[in-house]
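Number of protein chains: 2
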Amino acid sequence: MTSPHGTTGAVVIDGKASAARVREEVARDVAALVAETGQRPGLATVLIGADPASEVYVRNKRTACRAAGMEDLHRYLPADVSQEVAEKVLDELAADDFVSGILLQLPLPEHLDRRALLDRIPAEKDVDGLTVQSAGLLALGRDGLRPCTPAGVLRLLDDHAIPLRGAEVVVVGRSELVGRPLAQLLTARDATVTLCHSRTADLAATCRRADVVVAAAGVPRLIGADAVRPGSVVIDVGIHREAGGLCGDVDFGPVAERAGHISPVPGGVGPMTIAMLLANTALAARRQFGG
Amino acid sequence: MTSPHGTTGAVVIDGKASAARVREEVARDVAALVAETGQRPGLATVLIGADPASEVYVRNKRTACRAAGMEDLHRYLPADVSQEVAEKVLDELAADDFVSGILLQLPLPEHLDRRALLDRIPAEKDVDGLTVQSAGLLALGRDGLRPCTPAGVLRLLDDHAIPLRGAEVVVVGRSELVGRPLAQLLTARDATVTLCHSRTADLAATCRRADVVVAAAGVPRLIGADAVRPGSVVIDVGIHREAGGLCGDVDFGPVAERAGHISPVPGGVGPMTIAMLLANTALAARRQFGG
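Order-wise, the sequence lines are chains A and B.
The working numbering numbers the first residue of the first sequence as -2 and each following residue consecutively.
The working numbering numbers the first residue of the second sequence as -2 and each following residue consecutively.
Since the hints were made in silico from the structure, they are not lab data.
Note that beta-carbon positions come from the ideal geometry of N, C-alpha and C, so glycine has one too.
Careful: at least some of the hints might be erroneous.
Interface residues of chain A toward chain B, partial, derived using beta-carbon atoms under 10 Å [said to hold, decoys possible]: (1) 136; (2) 188; (3) 192; (4) 198; (5) 201.
Okay, chain A solo, but in the shape it has when bound (with noise of 0.2 Å):
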């Protein structure tokens, strides 16, 4: 097959396609909630300081928010605001009726305690999926708000129907926000699950017995073609900044010529994480409103 980078090889997963699609679902979404209970489901971001990397995603967030038809409560708190202010904001957005989902951006100011601040976030606004309580009711396959990222990487893989009950999956990557939530939704989806890091003994191999490899471990190029069978799907959640540019995880070059799908960089993960948290905010309206 011939893939749209035009090398022969793999598919090329379009995140930014897929992307669409769930805004375009939440969009249709938010406005028949919006019919059915005359209430608007509303997004509060906050940010604290003044993190250039941080102000983009957060402004991309607003828009977003606001493109899919969502109230932008947004709250910007001074770097040098105090743990104490802090907590107090996010209590009070939590006791807010106005506010459907809270998200507050990471990284925060050193001073500042990131888990507390973040166990303030009750379970039914968590729309980032990071709390405590929503870790817990994932991994006790409860109802809740999942992780962004890893609902973003299973999405893209039920949009290109790629089979996961009973499919190995290897995972590289064991963290908080990525790697361990993934590698417990997929195995709700009847993947047999390996979860990889730093200490396997031969990633390339391990990889190699997969039918899907999802790499999350932040180490540029980390999985090269020498760790794909041909025809398995490779999704990369890595994003670095080069001289040359954007890459990932994968070497992307070698492995899309064994690969059978594969996600680029940028275009693939990345467009979905806030496509997902549109739809975690819709979600936890639509419960908030009994709609």
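Chain A is fixed; fit chain B onto it per the hints.
Using the frame of chain A, we list chain B on its own:
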């Protein structure tokens, strides 16, 4: 090597001996805590109804608790207790400074909402490690009380100096009680973990890759000799009552011929569960008393 069972083959892992060591450690820790703080740990076992197996389990837990020098703060509730009253009893125990740990014996009578009751137990007294909060703390790698059976499996492996760092471990069975939390505990110990289940395509082939296989599927003799690489470690969490006596998820005789280590049923993982419950209660008390 000649095993205690007299066959050439595996070293048979002695769960009774490991459990006895854990109990002795707990008894020493409790004595030290009483000496340091003047307070004595207390375990509240809550038994609802008259399930004969549950009565035996609770009696054994209470006996072990007293033998370790802890207060036995047992509560019995009749089988027809209302959800409301059961929740009130748990709330009372949660607020009681004499109670270090709360164990709600499962299964419950059918009219009761198990999850709603478990979630009344605060994480710091959740000595069974089964609440959403405890599951979330485990998933995020934060301090907390871990489920007893998975913790017992780890202790057995440690007592036999089985290396976990970089080891390939296959866990068979994805239950909330054992398989899922055990996979996470093993990942935290730097093992490369594969979590298998009823949808796994080729269970025997997957298990043969492992340095350590933990069978926790709840299927008698599921793991045969064809699933075991010579010299590997096999831990059996299953327990099934059959005409000929007890058996596990592992076909003991043939597997013992190939494995390097094997845990028997009974006398393997079983005795560890109560021992780890005591260890959790002592740990909860130490945090409670600030000792």
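Each hint tested on the structure:
{"no.": "1", "hint": "136", "result": "holds (4 Å)"}
{"no.": "2", "hint": "188", "result": "holds (8 Å)"}
{"no.": "3", "hint": "192", "result": "holds (6 Å)"}
{"no.": "4", "hint": "198", "result": "holds (5 Å)"}
{"no.": "5", "hint": "201", "result": "violated (13 Å)"}
Checked against the numbered hints above, the structure violates only hint 5.
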